[in-house]
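Q: Full structure from sequences and hints, please.
Chain residues, written in single-letter form:
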Amino acid sequence: MAEAHNIVRVAGVARTFTMGTQVVQALRGVDLTIKAGEYLSIMGPSGSGKSTLFNMIGGLDKPSSGKVFIDEVDIAQLDAYELAWLRNRKIGYIFQTFNLIQVMTALENVTLPMTFAGASQDEATEKGLELLGLVGLRERHAHRPQELSGGQQQRVAIARSLANTPAIILADEPTGNLDLTTGEEIITLLKRLSSERGVTVISATHDYKMLNVSDRVVWIRDGRIDKIEERSELDITVGGIGAREA
Amino acid sequence: MSQAEGASSNQTGKSARIARQVVLPFGKSLEISIKSIKVRFFRSMITVASLVLAVAFLSFILTGANVAAGLLRSGEPQLRLALVEAGYDLPSLPPPGVAPQDEAGKLSASPKERWIVILSLLVCTVGIVNAQLMAVTERFREIGTMKCLGALDRFILRLFLLEAGMQGLVGAFIGAILGVVVGLLVGLVRFGLAAAANLSPLDVLATLGISVAVGAGLSLLGVVYPAAVAARMRPIEAMRAQE
Ligand SMILES: Nc1ncnc2c1ncn2[C@@H]1O[C@H](COP(=O)(O)OP(=O)(O)OP(=O)(O)O)[C@@H](O)[C@H]1O
Ligand SMILES: [Mg+2]
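Residue numbers (this note's numbering), protein chains in the order written: chain A, 1 to 246; chain B, 1 to 243.
Worth double-checking, as some hints may not be accurate.
[Claimed, not checked] Pairs of lysine to aspartate or glutamate residues, derived as EDC-like cross-links and limited to a Cα-Cα distance of at most 20 Å, are as follows:
#	chain 1	residue 1	chain 2	residue 2
1	A	K62	B	D153
2	A	K35	A	E229
3	B	K35	A	E147
Honestly, the hints are just simulated from the structure, not real lab data.
A: Put into structure tokens, the structure is as follows:
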């Protein structure tokens with residue numbers, strides 16, 4: 001297999017939040033390179049800066065210093081249109097709180113990014129149904145989010161994140177609001193997408209079940225990278241503390 | 001060659017990225033705003049309620065003037081006297097050399113009534129701004145999500161303007177009809193059947209037109225600031241705001 005290119009590169013990214021006189025350093029200089037097709041988990045205690053890093057990589061927030069490159073393009077250099085394009089085509093977002101648009105049906109939620117991308121109604125509907133089928137919810141396409149369970153909503157969100165075949169899926173605690181079994185289903189689904197479609201999956205999580213499917217795990221503590229573990233090392237550590245299932 | 005490399009090669013040129021922009025066709029915007037109004041029907045009703053009342057008041061006052069103008073134009077002395085008795089500022093006898101048309105044209109609402117109408121429209125606009133700001137706050141998450149999916153600021157702006165425009169048109173229309181009906185009824189009570197018989201349909205149409213235009217205009221005016229706030233919000237600010 002050819003050497004995969006660096007799809008995401010984070011260089012010296014720091015982010016401070018100033019609230020009145022109080023300064024919170026959410027990130028204190030993070031360097032990270034992520035290869036295309038990788039399944040990467042970002043682990044760390046609450047408040048360690050996972051979501052902040054997620055927002056930086058996703059172009060949802062700007063670093064106080066340092067740079068984020070997507071496909072070696074510095075996203076700070078992008079104008080509003082290009083940034084919208086990036087969010088629309090290049091990255092699929094999945095959130096802990098699902099964030100489906102409540103007034104729209106499952107299908108409309110999935111097709112919205114395609115509409116933004118200029119797809120025709122028919123194209124969008126066809127692909128939308130196909131994606132809902134992929135996550136096992138084709139029959140529920142006419143249902144609104146409040147008529148779906150948490151796990152089902154998250155599956156719709158995953159289908160939506162795939163709408164414009166993004167190169168990257170960014171997930172911030174995708175299993176955070178789900179029970180064990182449902183969480184596992186979501187993880188399996190993400191892993192399948194990563195291996196079958198070659199999508200780069202970057203996921204911030206508390207969930208130790210994520211470790212089993214990750215190619216690499218980045219441990220964050222107090223806004224810094226604590227350690228980065230490869231798949232091979234992981235088996236040992238995780239096995240060692242007996243957290244590994246099956 | 002890996003699939004990833006294929007994907008990257010069409011990304012290398014910056015021009016290639018700009019070539020394909022994000023869009024939201026007008027028809028689709030309309031569809032989304034209609035859906036939003038339908039789903040949040042109760043909320044929309046509240047936003048529109050004050051507008052209906054203010055516009056009804058405006059069209060009620062205008063209709064009153066229309067009725068008076070119709071009576072005066074008829075040229076019948078006892079109708080003229082009835083108007084004077086009702087408090088209209090008129091000489092009891094037609095002044096020589098002034099056509100009834102011209103006299104009727106000047107016979108609009110009194111300055112006091114005018115001030116009350118303007119004031120009520122002002123209050124209603126402030127009410128709309130308030131209701132729309134609340135609507136925007138309720139929808140922070142939805143706005144943030146749309147932005148994460150690639151929506152531009154102006155998509156959001158357009159959605160809010162369309163919603164307010166439609167609410168404004170419907171609300172102003174209901175208000176205008178309501179005002180005309182009540183105005184006419186009051187005219188009938190005060191002046192009898194002559195009020196309706198001498199009323200010019202053109203005047204009534206003009207009253208309806210003015211009232212609807214003013215109502216829809218105020219509805220749009222009231223949403224400009226809230227919509228601008230919504231549109232300019234960065235996605236994470238919008239997402240962080242918990243409802
Ligand atoms: N918008 C903000 N304003 C002020 N402080 C912020 C903001 N966003 C994050 N922080 C602070 O930055 C730090 C890191 O927050 P972050 O949300 O990245 O943590 P996290 O690792 O995602 O935690 P969790 O696992 O609980 O989601 C926290 O101390 C938080 O209070
Ligand atoms: Mg978080």
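Q: Which hints, by number, does the structure contradict?
A: Violated hints: none at all, because every hint is consistent with the structure.
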